[in-house]
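Listed in order, the protein sequences are those of chains A, B and C. Position one of the first sequence corresponds to residue 0 (numbering that gives the first Met the number 0), numbered consecutively onward. Position one of the second sequence corresponds to residue 0 (numbering that gives the first Met the number 0), numbered consecutively onward. Position one of the third sequence corresponds to residue 0 (numbering that gives the first Met the number 0), numbered consecutively onward.
Among the hints, a few may not be true.
Claimed, not checked - Far from chain C by the CB rule (all over 12 angstroms, computed), these chain A residues:
#1 Glu24
#2 Glu32
#3 Asn92
#4 Ala131
#5 Pro158
#6 Asp188
#7 Ser203
#8 Arg215
To be verified - Label pairs and their in silico Cβ distance ranges:
#9 C/Ile12 <-> A/Gly68: 39 to 49 angstroms
#10 C/Gly10 <-> A/Ala173: 46 to 56 angstroms
#11 A/Ala173 <-> C/Leu178: 52 to 62 angstroms
#12 C/Leu33 <-> B/Gly205: 50 to 60 angstroms
#13 C/Ser111 <-> B/Arg81: 34 to 44 angstroms
Simulated from the structure, these hints should not be mistaken for lab results. Yeah, the Cβ is synthetic: ideal placement off N, Cα and C, and Gly gets one too.
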Amino acid sequence: MAERGAPLLETRGVGMRFGGVKAVEDVDFRLEEGELRCLIGPNGAGKSTFFRCLTKQYQPTSGTVLLRGRDVTRAPTHAIARQGVGIKTQVPNVFDGLTVRENLRLAATARHRGRAIDEACDQAIERLSLKAIGGHRLDRLSHGQRQWVELAMVVTSRPALILLDEPTAGMTHAEVEHTAALIQELNRDSALIVVEHDMQFIRSIATGVTVFHQGRIFADGTAETIMRDPRVGEIYLGKRNLLS
Amino acid sequence: MAIAAIQILNTMASLALISLGLAVIFGMMRVMNFAHGELLMLGAYSVQFANAYGVNIWIAMFVVAPVVVGLIGILIERLVIRHLYGRMMDTLLATWGLSLFITGLVTMVFGNVTRGLSTPLGSFEIGGIRDSSYKFLIIGVTIALFVAIYAVLRHTRVGLIARATMDNPRQVGVMGINPGYVYTATFAVGAALTGLAGAIMAPLTGVLPTMGAAYIGKAFITVICGGDAIFAGTASAAVLFGLINQTTTILLTPEFGEVALLLGALLMLRILPSGLSSLFSRRAV
Amino acid sequence: MARVPLAIQLGAIALAGAAVIVALPSFIGYDTILQITLNFAFAILALSLGFVWGYAGIFSFGQAAFFGLGGYAYAAAAINFGDSTPAILIGVLLPALFALVLGYFVFYARLSSIYVAVITLVVTLILYKFMGQTAKPSYMIGNAMLGGYNGIPAIPPLNVPGRPDLFAGPEEMFVIAGLTALAVYIGLRVLLAARLGKIVVGMRENELRMELLGFDTRFYKLVAFVIAAAIAGLGGVMFANWNAFIDPHVFGLGFSAQPIIWVMIGGLGTLIGPILGAFILSTLSLELGTQKTIDINLILGLVFTVFVLLVPQGIIPTLRKFWTDRRPARDPDAGANASREASSHG
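All chains should be built: construct the whole structure from the sequences, respecting the hints.
Printed below as a string of structure tokens:
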């Protein structure tokens, strides 16, 4: 089934238009197994739309999406998830009335049966250091904690690829640091695509960066080279250099 | 053949007519008014009652019925709908409770009997088959109402305010217009149109407390299958379903006509979940 | 009742409930037996809606129609076979099959909950009209005449499997209907504690998250819808038995309204609430039905609208919330569960 040597995720000429507006246009994108990549770009650059084309919250209007060489362009959201893609949306999509552990159990139900459910939960709690709040209901947690619980829910299915949409939005400084550590922990088992604004954060997880601009891929490279690239600085903030 | 064509046109127009008020309320306010059938029924009672007390039939139909039902609409909006904006499901449930209540009230006051109302206008004859000229009135009034509503929404200040409020009530409030009034007025207009439709249908069906049930299914399906472009959508759904319904009725029986209408609607929604108007328009009006 | 394992809890309810149901006919009069038997059939209908609406979050106007289809299917099958056993099965399967087809269209088209409500309503209305015009002799199913608005009379009662001569009298019928309602209640409790139940409730709470986790929500909605239709059909079988008669009024607006009122007033997101609602309101309807001054719809409609506006959670969750709010939460999880159920509206 899976093509040998095919990248984990590949898009060919993916485009998304809303009426007359081309939000994303002709994007060729590749991600290898185990890679960690950030998508950045100014507001309206199309990175979030591209993200939603990958998760099928939007159905791309043109192009092809391949997961390990398999065409998933027309597969619905749940089928994408079933193929080993874990997705965390921008606004936490969690179950507020349930405890952390119940949330994780529900998530683990998607992939596991019987005792394996508990094992997957324990492991996720361990990896995301949630032991202390395991019995708390989600509506009593801080914004940052809710985001981590959602990450843990994603991890229970042991995905090959994790998609994160602005995981640090609205977090305190300390929470951002913790999240960076968690992402690196997750990267030991899974490839990740992270849509992010925070340059400091991107630098701290030291990663490959893809820059979106006006619906297209504008530049590719390591965090350091991208941030020193004056062209990127210009489109991003109107500054010469992102580090200044 | 000519008679069949007129009957089909008449069914299309009737569908559009009984759906128009619902389309205004659902399209503009996202309120699914389950008491729609009862507003039609109240319109029918208004014209019957006024006519029985000596009011000219046309005045009763085109003035009394819409005004009475419009006022009732204001009452409903103020007492019930107002408290449930943004909660679509609760609005649906509350208006449905209202529909039971109104049916019960009218049954108590007027009794569970059918009252007749003679059909104005005579009949015409084509090829030896006689039919009521009233059908032409229904077709004419429906077209006129759709054109009028569209023109008001598109080309007048009131229409602009109404559309803007549905779009962004807070911003309209900032501009010094009370969005609450706009909602009340919109609901009242929808109710008045529904009352008028009920009044126009009354001579054909007779007037009784449970008559609303005969209409709501068709009206809901027409509006829902119309989709986002509410007026063009409702009109095109009425044309499609009117054709299906009347053709099946002529070939089989009226019951099969309604079954065919429903099956057509289900099939259509499976293929086009966002309604007929998603084929030709993305606009909201 | 904090922290009693579910199996023990349900076992106790099953034993106590069964004991009461079996013993009760000896203590109550004939009229009461008949009234409560009807209430049991209605309780099953209420449970079906309580499950699909309160837990799966699918508001279905059509539960009464599935109930009616179950009754009609049982009637036609029992008249033809002369034995009630296969008829019961058909009475459950036909509505389930109907729900499968209808549900496929609405859920796989991803119609919103409002649209699902409207379409189930329209289907009910059309069934009413359609069954009403089946008076012609051409509408025969084997030996059974559908009979239009006159309905099907003389429906054979339940009998011992294989022995049509040994059939249930009113007291046996009371026990059978009561135990069936009890079994449906316990079955739903077990179902909700199992994997499917968790998924269904998760879907009601956050559909997108469930999809992102890899659940095909269209499929699970369809499953919940079909299960609820089968349960409603079972209620219809009991009803047709109780009445020995069925007519199209079970598809009428007035009848379809009843389970919705029971569930809304008893409490969404509970199972005991709908049962309670069915018992209280159908008894009340019977009492009100005997007088002529005030129309029953007027009262039901008024009560219902007021509940939507002021007590949208229904009686049971509101009482539970009141109870847990008054008591300082010694056991935080117990309190959390109750208020969670109370907040599960929608």
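Here is what the structure says about each hint:
No beta-carbon of chain C is positioned within 12 angstroms of the beta-carbon of A/Glu24; the least distance is around 26 angstroms. With a cut of 12 angstroms on Cβ distances, A/Glu32 stays outside the contact zone with chain C, its closest approach being about 20 angstroms. Not every CB of chain C is more than 12 angstroms from the CB of A/Asn92 (nearest about 4 angstroms), against its label as outside the interface. For A/Ala131, the non-interface assignment is confirmed: its Cβ lies about 15 angstroms from the closest Cβ of chain C, beyond the 12 angstroms cut-off.
A/Pro158, annotated as away from the interface, has a beta carbon of chain C within 12 angstroms; the closest lies near 9 angstroms. The beta carbon of A/Asp188 sits about 17 angstroms from the closest Cβ of chain C, which is more than 12 angstroms, so the claim that it is off the interface holds. For A/Ser203, the requirement that its beta carbon stay farther than 12 angstroms from each beta carbon of chain C is met, with the minimum near 26 angstroms. With a least CB separation of 27 angstroms from chain C, A/Arg215 remains clear of the 12 angstroms interface cut-off, as annotated.
Checked against the hint of 39 to 49 angstroms, the C-beta distance between C/Ile12 and A/Gly68 comes to roughly 54 angstroms, which is inconsistent with it. Range check, C/Gly10 to A/Ala173: Cβ separation about 50 angstroms, and the 46 to 56 angstroms hint holds. A beta carbon spacing of about 59 angstroms between A/Ala173 and C/Leu178 agrees with the range 52 to 62 angstroms that was offered as a hint. Under the hint 50 to 60 angstroms, the C-beta atoms of C/Leu33 and B/Gly205, about 37 angstroms apart, miss the expected range.
C/Ser111 and B/Arg81 have their C-beta atoms about 23 angstroms apart, which leaves the hinted 34 to 44 angstroms range violated.
When each numbered hint is compared with the structure, violations occur for hints 3, 5, 9, 12, 13.
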